[in-house]
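J.: Residue numbers (our numbering), protein chains in the order written: chain V, 1 to 281; chain S, 1001 to 1328; chain B, 2001 to 2266.
What you were told as hints is all true, and nothing was included just to trick you.
Straight-line C-alpha distance at most 30 Å; calculated DSS-like pairs for lysine-lysine:
id : chain 1 : residue 1 : chain 2 : residue 2
1  : S       : Lys1085   : V       : Lys168
2  : S       : Lys1124   : S       : Lys1146
3  : S       : Lys1085   : S       : Lys1128
4  : S       : Lys1124   : V       : Lys168
5  : S       : Lys1290   : S       : Lys1245
Just so you know, these hints were derived from the structure itself, not from any lab.
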Amino acid sequence: MSGRTDILGKLKNDRAGLAGFLIVSLFFLLALGVWLGWLGQGWSDAGGGRWEAPGAEHWFGTNVLGQDIFQRAVYSVRTAFEIGLVVALFSTLVGAVLGALAGWYSGSWVDGTVMWMKGVLDSIPFYLFVAAVAFALQGQPWAMHLAMIATFWTTTGRLVRAEVMKIKSMDYVRSARSIGLHDSLILARHVLPNTSHILLVQATIAFVAAIKTEVILSFLGLGVQDGVSWGLMLAESTQEVLAGHFANFVAASGMLFLLLIGFNLLADALQDALDPRQAAL
Amino acid sequence: MNGMADQMLLSVRNLTIEYPEAESPSGKLAAVRDVSLDIPRGGILALVGESGSGKTSLAHAILQLLPIASGRVLFQGRDLGGLDKAGMRAARRSIQAVFQDPLASLSPRRNIRQTLLEPLNHFKTGTKQDRVDRAANAIEAVGLEKELLDRYPHELSGGQRQRVGLARALVCGPSLVVADEPVSSLDVSMQAHIVELILELRERLGVAFLFVSHDLSVVRRLADRVAVMYAGQIVESGPASQIFKSPAHPYTRALLRAVPVADPGHAAPVVLEGEPSLPLTPPTGCVFHKRCAEALANCSSRQPVEQEITGIEPDPTEHRVKCHLWNP
Amino acid sequence: MSASPALSVRNLSVYVREDGMERSVVDGISFDLAAGEVLALVGESGCGKSKTAEAIMGLVSGAAGRVRADAIGLGDLDLAALGERGLQKIRGCEISMVFQEPLTALDPVFSNGYQLATQYRRHRGQSRKQSRDSAREMLRRVGFPDPDRIMRSYPHQLSGGMRQRLVIAMAMACKPRVLVADEPSTALDVTTQAQVLSQMIRMARDTGTAILLITHDLGVVAQYCDRALVMRRGQLVEDAAVTRLFSNPKHEYTSALVSAAREMRL
Chain V
1 MSGRTDILGK LKNDRAGLAG FLIVSLFFLL ALGVWLGWLG QGWSDAGGGR WEAPGAEHWF
61 GTNVLGQDIF QRAVYSVRTA FEIGLVVALF STLVGAVLGA LAGWYSGSWV DGTVMWMKGV
121 LDSIPFYLFV AAVAFALQGQ PWAMHLAMIA TFWTTTGRLV RAEVMKIKSM DYVRSARSIG
181 LHDSLILARH VLPNTSHILL VQATIAFVAA IKTEVILSFL GLGVQDGVSW GLMLAESTQE
241 VLAGHFANFV AASGMLFLLL IGFNLLADAL QDALDPRQAA L
Chain S
1001 MNGMADQMLL SVRNLTIEYP EAESPSGKLA AVRDVSLDIP RGGILALVGE SGSGKTSLAH
1061 AILQLLPIAS GRVLFQGRDL GGLDKAGMRA ARRSIQAVFQ DPLASLSPRR NIRQTLLEPL
1121 NHFKTGTKQD RVDRAANAIE AVGLEKELLD RYPHELSGGQ RQRVGLARAL VCGPSLVVAD
1181 EPVSSLDVSM QAHIVELILE LRERLGVAFL FVSHDLSVVR RLADRVAVMY AGQIVESGPA
1241 SQIFKSPAHP YTRALLRAVP VADPGHAAPV VLEGEPSLPL TPPTGCVFHK RCAEALANCS
1301 SRQPVEQEIT GIEPDPTEHR VKCHLWNP
Chain B
2001 MSASPALSVR NLSVYVREDG MERSVVDGIS FDLAAGEVLA LVGESGCGKS KTAEAIMGLV
2061 SGAAGRVRAD AIGLGDLDLA ALGERGLQKI RGCEISMVFQ EPLTALDPVF SNGYQLATQY
2121 RRHRGQSRKQ SRDSAREMLR RVGFPDPDRI MRSYPHQLSG GMRQRLVIAM AMACKPRVLV
2181 ADEPSTALDV TTQAQVLSQM IRMARDTGTA ILLITHDLGV VAQYCDRALV MRRGQLVEDA
2241 AVTRLFSNPK HEYTSALVSA AREMRL
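Chain V with its partners taken away, still in its complex shape (with noise of 0.2 Å):
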């Protein structure tokens, strides 16, 4: 595939998105090494005093449980990426799909209901909407999930719908059409291929979103029922800074500002590397 040569090539001559890419790497090998048992399991221990200072032991200090803070910071990539590629993955696949229905069949009730649904998700304030889901869900470790994947698809499926609509008058759709190929095989083959510019860009975005809004949510007592967060421990920190204890605060917040900083460094120059009309002639 020359295509995908070409991206890598891109990237290598944007030092912006190099960078990205290496700090994201980064953040994906902590996760990886989560998931494999291998680091941040003792993330609910309480094995030090409480509050303690940053030391040879604990990298950065303990909470008022006398949990350590590094080992919790670490686990919570391992949550971050977990709720940042499931949102991502189908928040995009169902923006895709309703995208590409919308503008294939554009003007046709279809469209109508996609676009009405559209309409209504991003008319209602989003953490009322999260606020409403967490309560009608009580208690569901996905009801988070499912809120944010119904209200981010939509700007993936407006942005696919244009796609769609365009690249159904081109030629190569015409001459698929009269050769009689089934309208689901031309979108397979001919249409769909041709928004994954837009798809894999909407899907970093939805991973950042994703990322953040956890924290907030999270925060706020809707989010991560089990399990460890930033956001939770930066909600556990409010209490902690007043009293003089910086550590919670700080590696909560500077981890999510790093990984924030590598992904849209990385969007940004994927956005430029795949955009068609930047290719060369």
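Based on these hints, arrange chains S and B on the given structure of chain V.
T.: Positioned in the frame of chain V, the structure of chains S and B alone reads:
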């Protein structure tokens, strides 16, 4: 008339195409109105006219890409509107398309091999090996190297892409290729090559072409017959040699006189005044009367009837015109 | 032609960046354009003719590429030495440009009359009322029998040929010294092409504007131009009066082009 239609590969009879969205107080608006034409086996008919004249709509209707409001399209004597599923499949296989923009007509993320195999797979032609062989033969038939099969459209030049477009149309062995402005986005030297190629393919494979174009110099080198469209109607049709030597309709004459000839000694192009009338809003009477320098009194009130003007023999060489000047 | 030329290009090169490498697309060309002359710049796609036009207009900058020239003289001015600020004052006034696709040169949200009248207000300091009168007069001169209807309507309501005539009217509003026209009729039908080109050239003759007409069509060169530059792979291979170009082409590339065009002749 019907007897003649039987011998023809493609016969279009009194075809009207309406815009699906557009409606006026007086009813649906027509892109093409009451058009008839014939293409014999191995013939090349050029459909000429300005943008908006309805020539692309007509081509798309023949390719079954647009619905027909009234009239018939007969392919090998059979009405395409009345075919069953199997018959339709066979007809789609025998009528293939080439489009204007060679880049836009090739799926960007599929290589040339995939593009050429698609129609073969769809029509389940022969064994897998047969299909691969046919794709290779098709690419060679249009004068390209087999190595190009693994390339992607953006890696080819404009001329190569248009040859691939032709190869895709030919790969299933069609009897008619509908080509919509296939050379107008190419350089002059490349246009000449594609024109030569089309003539050679017609000679060798016996394929007929419906060639839609606004470029009269290309049409002159290529077509056996020419049909001139204005505002959704065919105003003149006849053998190419006669159309270019003695054009009968004032619009055809204006069209020919507007072409800048590549010779400084030649007479300067003559400007046809006024704006082209769209098929949407046909004037009463002759569609061309508002811009016609030779308009008579009744041109604005009465529609002219199609008129035979050579009258030598009633065969495809007939020369017909829709103009009051020929029917005083 | 003893009078000083309207446009004088000396040793103009254009480089574009591709995959981090710089490539020359125009390679040190020099030519003069006399006042009131219609000069064709002919060549096949990719020969560098459009980049030459963009470079003269000062439209090649930043990431797009780099221009080097000893001089691009427009009357007493040297465009090559002028900064972007200075160029902005000149563009659309002393030298203006017409593109292949007129729709991209028009703003869809403003009426045609407003867009044309703005030219007179901005560059010639006319009042609102004066500028509307000038616009109306100009539209009549580019062949619109009913200018008021055109003034009220918007670009998308016009046909391709009407749009191109509107763009030409805007480009000619200031009676520029030089009009650069990049394939202005390539997207148009033959009948519309004849209308647009003859109107454009008639207006230029009235105002003494010189035209640099970029085209790939030798028919257009033969019928509408006085002199022609033939361009190939970034270099000028021939510079000749049109009659001589067709009767006695000196360079073999030119004779190949001319004979190909003869073959395609009606």
